[in-house]
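Protein chains: 2
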Amino acid sequence: MQINRNFDNLVPNYLFAEVASRTNKYMKEHPDKKVIKLGIGDVTLPLAPVVIEAMKKGAEDLAHKDTFKGYPDYEGYAFLREAISNYYAGFGVTVDANEIFVSDGAKSDCGNIGDIFGKDNVVLVTDPVYPVYVDSNIMAGRKIVYANSNRENNFAALPDENVKADIIYLCSPNNPTGSAYTADELKQWVDYAIKNDAIILYDAAYEAFITEDLPRSIFAIEGARKCAIEMCSLSKTAGFTGTRCGYTIIPRELERDGHNIYNTWYRRQATKFNGVSWPVQCAAAAVFSEEGQKQIKENISYYQDNAKIISSAMDELGIYYTGGKNSPYIWLKCPNDMGSWEFFDLLLNEANVVGTPGEGFGKNGAGYFRLTSFGDRENTIEAVERIKKLLSK
Amino acid sequence: MQINRNFDNLVPNYLFAEVASRTNKYMKEHPDKKVIKLGIGDVTLPLAPVVIEAMKKGAEDLAHKDTFKGYPDYEGYAFLREAISNYYAGFGVTVDANEIFVSDGAKSDCGNIGDIFGKDNVVLVTDPVYPVYVDSNIMAGRKIVYANSNRENNFAALPDENVKADIIYLCSPNNPTGSAYTADELKQWVDYAIKNDAIILYDAAYEAFITEDLPRSIFAIEGARKCAIEMCSLSKTAGFTGTRCGYTIIPRELERDGHNIYNTWYRRQATKFNGVSWPVQCAAAAVFSEEGQKQIKENISYYQDNAKIISSAMDELGIYYTGGKNSPYIWLKCPNDMGSWEFFDLLLNEANVVGTPGEGFGKNGAGYFRLTSFGDRENTIEAVERIKKLLSK
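So the sequence lines, in the order shown, correspond to chains A and B.
Quick note: the UniProt record's numbering has the first sequence finishing at residue 393, numbered continuously throughout.
Quick note: the UniProt record's numbering has the second sequence finishing at residue 393, numbered continuously throughout.
In this list, chains with the same sequence are indistinguishable; a pair is considered to hold if it fits within one copy or across any two.
In silico DSS-like pairs for lysine-lysine, Cα to Cα no more than 25 Å straight-line: (1) Lys-119 - Lys-143; (2) Lys-65 - Lys-297; (3) Lys-333 - Lys-393; (4) Lys-308 - Lys-325; (5) Lys-363 - Lys-37; (6) Lys-294 - Lys-325; (7) Lys-333 - Lys-389; (8) Lys-65 - Lys-37; (9) Lys-164 - Lys-363; (10) Lys-308 - Lys-65; (11) Lys-65 - Lys-294.
I should point out that these hints are in silico values taken from the structure, not numbers from a laboratory.
Could you put the whole structure together from the sequences, leaning on the hints where they help?
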């Protein structure tokens, strides 16, 4: 009996555990202080009323023999896939309902998609990076190369013709840096992927936060259907972090190495997955209804206003940052060339505000720091006032 | 870019597709005939009222800021894991809540658990077999050996000391054969696993159908904590096929190849999974409440009575079968040495009843046939009458 020895190559990721540990220690030692957490990327606003209603109706369906639902389709119910297809059409991107797989979240799909690729492919990620892209490929024994996102490229790495990669993870708007690619920049990645016979795994989880004229989908880019898979999630779009629903789009014509990618992923899902809960699919479809879109946009606006409050403070303080505009994240340079954990401790101890040290996301995160706009309004305002007071000293 | 070439070794499984195709053709050609389907292993009764109520309450929680739930724990909420632990205590098996991982179903866990094992392990499955065990390991490039379940062992294969295996899939009560291992038989497997440094992956999805004095869990067997992982599901226990919830139990002390198995699986799940939907976990916990247990047992009894109706007919007809007693499946020998597809066509054309040809589950299924008790009462009675009439001719 052998364990998968690739697990030995995983670096224990203590980032959020260490954040929690230092925070809890401080709170225990200072029970009188009000600590405000702008660290974790989890939403706080409740689901939209029309979504709750659909979820309850879905539950009620399961209570009666004539509306009861057994095993769902592996790829999701057609009514939900059609709703997603229409949503894409709404911003001018053509995606057929039959190219969509509904799942329990983009994290599962990002992690599991590796099953269909050989282990000798070289994986490219941008650094700083969402750790799932790295860890799931280390588990599979793949070589990983890093494209540097840094101040020179506004934390939005571009392809390097001298680097050869087969699988490319892109996340735009980016977690953790909040940067968002322009159409021209994405076109460079698409051209690079086609030239290298590579596949782009495009994580669009934050697309609903885009406010400027930027692509909401990789499929807005010419050529992407020949080289890209898109993963998206309702977690941030509609507050589904605890409800669990996402989707993956694979163009029907996408082929590599003599295999049709849609069919290969279908076979993987049919073998290792049994579809998404009926009331959750009902709730997800409600997100894409006219009323649902109106309601979720109110929540997104709330978070966007929080982001504006944080980024305005950075502007006032003259601190360099990315994100905030098309993203719920503000990625800032720690003042006075502080290290990211040093700045973490300073903020915690002197302003009682918790953020996330950038170096937890990769080497280019050293000296940077992530704040999120998912907190509530009053706390965000208070946190920002405390930060301004501390750093204006 | 290379595709995972192991996918080339998958045998296209046309079983249910072929069943559907022949059935639909017949129905199209004979629109006046009432075809009764006892083929697919999907439930038909609605969820228990207390489960629906909990699911709706869970949905309502998501509608309010103070009860809203974001990302769940990777391993499931403690209240659900404790409820499962108490359920096991109810039949005398000690499983700590901290040894349980909640998931979206046993199929996901059965498929994904392979991630933590090396690819050079030899996998043993009993034949006939639930195809997920085979296909997920072919995808991973593992060698598979087959233990024959057949009439000599009442379709419950036992270990062969001359065969070396590292990972052993057991399903009891069995899908598709309905056979259930005795404690003595399971002890043989446990001893074999310990001797071979192997791990048993025990699929207990049908444990709630056990009526005789047989083990409901592998952990009822001495030594199992040193060699077994148990997967279970609420799909058949509580009609959750469309609701999606299951769980996996890993003893904390289970180690192989210098790795703690619980920790390794935790790392896998934390990387590629984001937990189960809040309303679904609420619904699942309700299954294990006192009222929930009472209500789900009514549904199980209904299916068990269907099983009795089918198996009594087999007794009357003098047809050899396994299952029916501790299982929703009746696995029968096709009369007159017919092939399983031949019998399928006969039943469809002459009795308008649909079942599943045994050879779709492996070579030992040739000449056998699966009927399920998940249909409704009147249809089950009518189907059985038609079969009796046909075969008594």
